[in-house]
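Turn these sequences into a full structure, and let the hints steer you where they fit.
Listed below are the residues making up each chain.
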Amino acid sequence: MSAAPQKAKAGAEQINVKVSAVVPLNDLVTRFEFQRTDGQRLPTFSGGAHTVVTMNDDGRTRLNPYSLMSDPTDTSTYAISVRRDDQGRGGSLFMHTRVKVGDEMQITYPVNLFSLDLRAKKHVFFAGGIGITPFMSMIAQLERSNGNWELHYAVRTEALGTYVDELRYKFPNKVHVYYDDQSQSIPLEELLDGQPLGTNAYVCGPKGMIDWIHATAAAAGWPDAQVHSEEFTAPQPGKPFEVRLCKSDKTIQVGESESLLEALEREGVEAPFLCRGGACGQCETDVVSYDGEFIHRDHWLEPEQQAGQKIMPCVSRFVGASLEIDR
Amino acid sequence: MSKFQFPESIKSRPVYGTLEPRVGKFHLMIADAEGAEAILELAAQDSALMAKSHIIFIPNGTDYGDQLKALNPAQYYEGPSYAASVQRIRHVLANAHQGLQVYLTGTEGLMGQAQNEAMQAGIPHTFIQTEHRGSVARRMQCVHCKGITEDVMTDPFVCSHCGLNLFVRDHYSRRLAAYQGVCIDAEDPGNVPEPVELYK
Ligand code: FES
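Protein chains in written order, with the numbering used here: chain A, 1 to 327; chain B, 1001 to 1200.
Some hints here could point you the wrong way.
As the list claims (entries may be wrong) - Straight-line C-alpha distance at most 30 Å; calculated DSBU-like pairs for lysine-lysine:
(1) K1052(B) - K121(A)
(2) K174(A) - K1069(B)
(3) K1069(B) - K1025(B)
Quick caveat, the hints were computed from the structure, so don't treat them as lab data.
Here it is as structure tokens:
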């Protein structure tokens, strides 16, 4: 993993915004645009950054991370594109069904866990479905510096090809689209073959696609440090469990459909986070004692740390008799 | 035997490994002097390797050339010095593609300079394999005049450019591919300890 997480206060700093546009793009994906309520400029960010959106769902607070997909130098407006997940935990449904133009919301300052390696001689992007979003801002950033890039974008059907028309119109020679329903697939081995030395590959999409690209690139002799991926794991529901918090001197219950991090927040306990998807390392918490089994779902801890030393409350759970953590 | 175990030191000091065949589309091997032995051992581990390999060898007075040629690499080049070979190294890297594996072996000076070329060509330094063989001499930069003195074998030594008496540090620069040499008698000119051979 990259740099050690910096010490930050609980959560990440918030910006008050109002929804300036809601743009349905197809049956599943809608774009939401935000401007600051105080009329000031938003911070610039770098391509690949995300923000965590706070949703107030009838008293229940939902915090979901979304890639910023607008031009990083446009400080008037941020945009995210949200895919409706009817089976999900409800965050995307809330965005789709409840959020209207003019609503006031809170978002965090941008954080980038999926940035461009600007030493690269060339950037090759692989997107699957809604995984297109971080590449929208990366492409905008690279276009300003005349960067060398190409995009390979797999979508299910023409009707669900989010931003396909726009991308093809603007960059007809750089954008390549593959339709699942027409049995088209990314010719990965051929694409990796013959790329100039110093090319970096980036992948955002389903886990299977990420693993496939890492494995194929490794088999072709690519350095793993030049294959970048972003995978946010949504917290999975699980059996309720009890946790003893030694610093706060409290014992709390983690419900079936909430994460340990959400339970800490509900109890007003200071708990840091940045990505809420097991990727950034910010929420890393020491385990004081335990009797039971961990269900680790993060991409951060080393196996020996997962063996009873640490837990990532944003995605991981516990089953067993007792758990005490350092919060 | 051409192997030497360097003592543990500060983090800045490079650590070398043992070359091993890796999957790749093409293989670039750069060696000087006894580094040839590491290439011979590498080739013995994977009979398919040489058909996709380019060996660049700087003998520095050794006679490993015929043995390396007998490995039948796809390309073989022998250069009289690193300086004479660097144009070729740059040319190979400039035309290379992803999937290239780089193997460096021999003296620290050779490995450091070739690693620098490979890094500038876009290969992460963590991905470049190295194995030390042969002379333990160091390539030193004088921090005062910035001149490079090659093949330093004693500590302290005299800067070949400005003539200062320099203390051999383990502080290393990847960019310069050199260790730092710092004036040892700045406070008390002329008070210079007797030079000792490195690692003795
Ligand atoms: S908040 Fe990023 S790993 Fe938990």
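Is it true that the CA of K1069(B) sits at most 30 Å from the CA of K1025(B)?
-> holds (21 Å)
Can the restraint linking K1052(B) and K121(A) be considered satisfied, given a maximum Cα separation of 30 Å?
-> Distance of about 24 Å is within 30 Å: holds.
Taking 30 Å as the top limit, are the C-alpha atoms of K174(A) and K1069(B) close enough?
-> violated (44 Å)
This entry does not satisfy hint 2, going by the numbered hints stated previously; all others are met.
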